[in-house]
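Starting from the known structure of chain A, fit chain B onto it as the hints suggest.
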Amino acid sequence: MAINILTLIYLLASVTFIIGLKMLSNPAHARRGNLIAAAGMTIAILGTIFLYKDDEGNSLHNYGWIFGGILVGAIIGTLAAKKVKMTAMPEMVSLFNGMGGACAALISIVEFNHVNNSINYFNGSLGNGFVLPNFSYSFLLIICLGLIIGSVSFAGSIIAWGKLNGKIKDFSFKGQHIFNLLILVIILIITSLLFISFPDNIVILFYSVLVLALLYGVLFVLPIGGADMPVVISLLNSFTGVAAACGGFLYDNKVMLTGGILVGAAGTLLTILMCKAMNRSLKNVLIGSFGGTAVAAQGAS
Amino acid sequence: MLLWIHQHQEYIYIVILMIFLGIEIIGRVPSVLHTPLMSGANAIHGVVIIGAIIVMGKAESDNYLALILGFLAVILGTINVVGGFVVTDRMLEMFKKKK
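Those protein sequence lines, which keep their order, are chains A and B.
Convert by adding 148 to the 1-based position in the first sequence; the result is the number in my numbering.
Convert by adding 16 to the 1-based position in the second sequence; the result is the number in my numbering.
Just so you know, these hints were derived from the structure itself, not from any lab.
All the pointers check out, no bait thrown in.
Facing chain A, a subset of chain B residues (Cβ under 10 Å, in silico):
hint, residue
1, L33
2, P46
3, V48
4, M54
5, G56
6, H61
7, I65
8, V71
9, G73
10, A89
11, G100
12, M110
Here the structure is a predicted model, which means the values were calculated and not measured.
Don't be surprised by glycine CBs; every beta carbon is placed ideally from N, CA and C.
Same shape as in the complex, but just chain A (with noise of 0.2 Å):
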């Protein structure tokens, strides 16, 4: 009974958010619609802690440390969200955004331990050469997804949030969108070989795909000038989105599937859109960093 009333929920919680983005794009309704995806926000937060089961039923535990975990973010999130002043609003936005992304990483290192341990106990119990059945593997893809998507966000998140408080100066230097590449070439590489190599050496593999999506996400925002940083902020923005979604596949859960999916789209769109409003193009924006200082060196000279 209480899971189908959680069900209910979440439908209901995914059409809040829906309204509520369609409301956020209508100047007269727009802060209707924030206060509409919040409640919808609240009332699967809610749901979640107390009608959750697993696939055994059993509810969830450790709800002391889920009420701290709330209260502390929530009086963190307040303050920082009252005090901020209005012109450091992008900035303040790009951090909380980086926070989403931390948690979608850090939930795919915690459900990746657990994957690795069940790995240790069939190995210890059935010998070396066990494979795990197939739903393991798309079970690990999802999660390295997860855990990419979500470091690069919350490392471009926080450097952005850096250059716009003027705290991180720009930085580039010759070659570095293919170093870039490079680095991207090789987050692949190294996530295919995980599934290759499987189980073996599959901690040290996942946690340099940790390192380098950390890396590429610094090394992705670092040359981007700090006019460009909205852009840049609502992209991430839409990656943290499919992070999210990420999580919806892991929990078999509708409504973090809908609502990153969702922002995803709603997202990438938002970020054309405000190239287009600046008259550039996305390609521009990106990779514009020479671009932009060799324009701005002839009209100088």
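Just chain B now, kept in the frame of chain A:
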């Protein structure tokens, strides 16, 4: 491959429909609302906190790694959700005063 699609058709439908819905919904947003919309979307992808709560709630009490990381994830997720909605609200409040 076909079997895989058949087994996961529910997910595939949701993903495809949500992609189109997300694009359709904000297709005509005026450019003044770009930043609030970004902020609102940022708060909505905070649903990831539900995953964090599940991780936390499932962690065995002797699995310290899961407990600590899960606790951290809950904190970060909550900051994302609460901060996101409050910041969006403040931005939109500013819009009202301007008019």
